[in-house]
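Generate coordinates for the entire structure from the input sequences, incorporating the hints supplied.
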Amino acid sequence: MAATKPILISPVGLHDYDVGLLSSVVERLRDHGIHCHVLPGSNPRGHLAVVDTDSEEGKNTLPLLRPGQVKLLLSQEPTFGKNLVSVPKPLREDTLTPLLMKVCERMQTQMSARPGATGEEPRSVDTRTTAPAHASAKNLLHLLLWAKRNKESLKIIADPHPPVFINGSTSAMATAADRDQQKAISRTRLSDISVEHISNDAFPGPADGTPISSLSGFLWSTALACSKGELLGEIDRHKAFKLKAWPNFTRNDFVLQHLELAAILARRAVSIDELQKITQVPVEVIIDFVNAAYAVNLLDMHAVVAEEEEVIRKQDQQRRNLLSRLMLRLGIK
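In our numbering, the protein residues as written are 433 to 765.
These aren't lab readings, by the way, just hints derived from the structure by calculation.
Remember, it's a predicted structure, so these values are computed and weren't measured experimentally.
Heads up, a few of these hints could be off.
[As the list claims (entries may be wrong)] EDC-like mimics (lysine to aspartate or glutamate), calculated; alpha carbons at most 20 Å apart, straight line:
1. Lys676 x Glu666
2. Lys534 x Asp624
3. Lys660 x Glu509
4. Lys671 x Asp705
5. Lys676 x Glu706
6. Lys521 x Glu509
7. Lys676 x Glu692
8. Lys570 x Asp624
9. Lys437 x Asp463
10. Lys676 x Asp732
11. Lys570 x Glu509
12. Lys660 x Asp705
13. Lys534 x Asp463
Structure below.
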């Protein structure tokens, strides 16, 4: 596949070893017919910038790069956003090669598809200039909840599995991945996942042939895989809550203790600490279940308030009935 000009790659803030590794990977890409070239020094004018965001130069240069410029970010902490691809550190050839190949192939296709292309930066799939996605996401669960809450659409790639498309506006997902592959994706570290922001129009439709389903099942399995006993920040372990409905255990993953927890929470509002005392189920298992229920909107966080109001209503009614009987006995109407 040929382009009129090579894809120019800018190394920004990279150590000498990483620059050498990048150059080696680029040589391999040329052998595969991908026309690309590493610019000397820290010239930021390339179509694609490889930035070490943990270095001073990388931190200072990143805000100055063009919004439409594709950026591979080397960092200890993953970052997400339009045209941003996170690369885990330390940089490894077996990690960088397939990732850079995929990015460059996509860029090269876009460049060569435009008549008279002259090496300008390729147009991104999503033309919005949004702020970076939930950069504080610790795992895939946090990212999915962020997308759902902010009605964002994402393309999630966890090689070697098929990509997963997320539509936060409709809480739908589209993927050719089977159930086992989806479980494997949900267990993948966020640093090993490539995340792309896409427009809602880029989300696959029925005509594309990609199976579309509710996001709930993937959210549930991801919550169980990612929680590891760490409660989501929106949940207070000392406050009581209950289930709005019974979880779909016929379709979702579960352990036997989840059935016991669901049976209690379906009847009344209980806190995590109380659940642990009642059931003696390990608190990590309880938290995993509670996170999963929260992720799919099954937790009623205000149940205890409603129950207290119902108790007060009944007490008021009892007092009124008692007063009515007393007045009747006294002959007072």
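Hint check results:
1. Among the hinted pairs, Lys676 with Glu666 is consistent with the structure: their alpha-carbon atoms are about 17 Å apart, no more than 20 Å.
2. Of the pairs offered as hints, the one joining Lys534 and Asp624 holds, with about 15 Å between alpha carbons and a cut-off of 20 Å not exceeded.
3. Distance check on the hinted pair: Lys660 and Glu509 sit about 19 Å apart at the alpha-carbon level, within 20 Å; holds.
4. Of the pairs offered as hints, the one joining Lys671 and Asp705 holds, with about 9 Å between alpha carbons and a cut-off of 20 Å not exceeded.
5. Our distance criterion of 20 Å between C-alpha atoms is met by Lys676 and Glu706, whose separation comes to about 19 Å.
6. For the given pair, Lys521 sits about 9 Å from Glu509 by alpha-carbon distance, which is consistent with the 20 Å threshold.
7. Using a Cα cut-off of 20 Å, the hinted pair Lys676 and Glu692 holds, with the two alpha carbons roughly 16 Å apart.
8. Proximity of Lys570 to Asp624 is assessed by CA-CA distance (about 12 Å); at most 20 Å being required, the pair is judged to hold.
9. Between Lys437 and Asp463 the alpha-carbon distance is near 17 Å, which keeps this suggested pair within the 20 Å criterion.
10. A threshold of 20 Å between alpha carbons decides the hint, and for Lys676 with Asp732 the separation of about 6 Å falls inside it, so the pair holds.
11. Between Lys570 and Glu509 the alpha-carbon distance is near 9 Å, which keeps this suggested pair within the 20 Å criterion.
12. As the CA atoms of Lys660 and Asp705 are separated by approximately 17 Å, the hinted pair is consistent with the 20 Å bound.
13. For the given pair, Lys534 sits about 14 Å from Asp463 by alpha-carbon distance, which is consistent with the 20 Å threshold.
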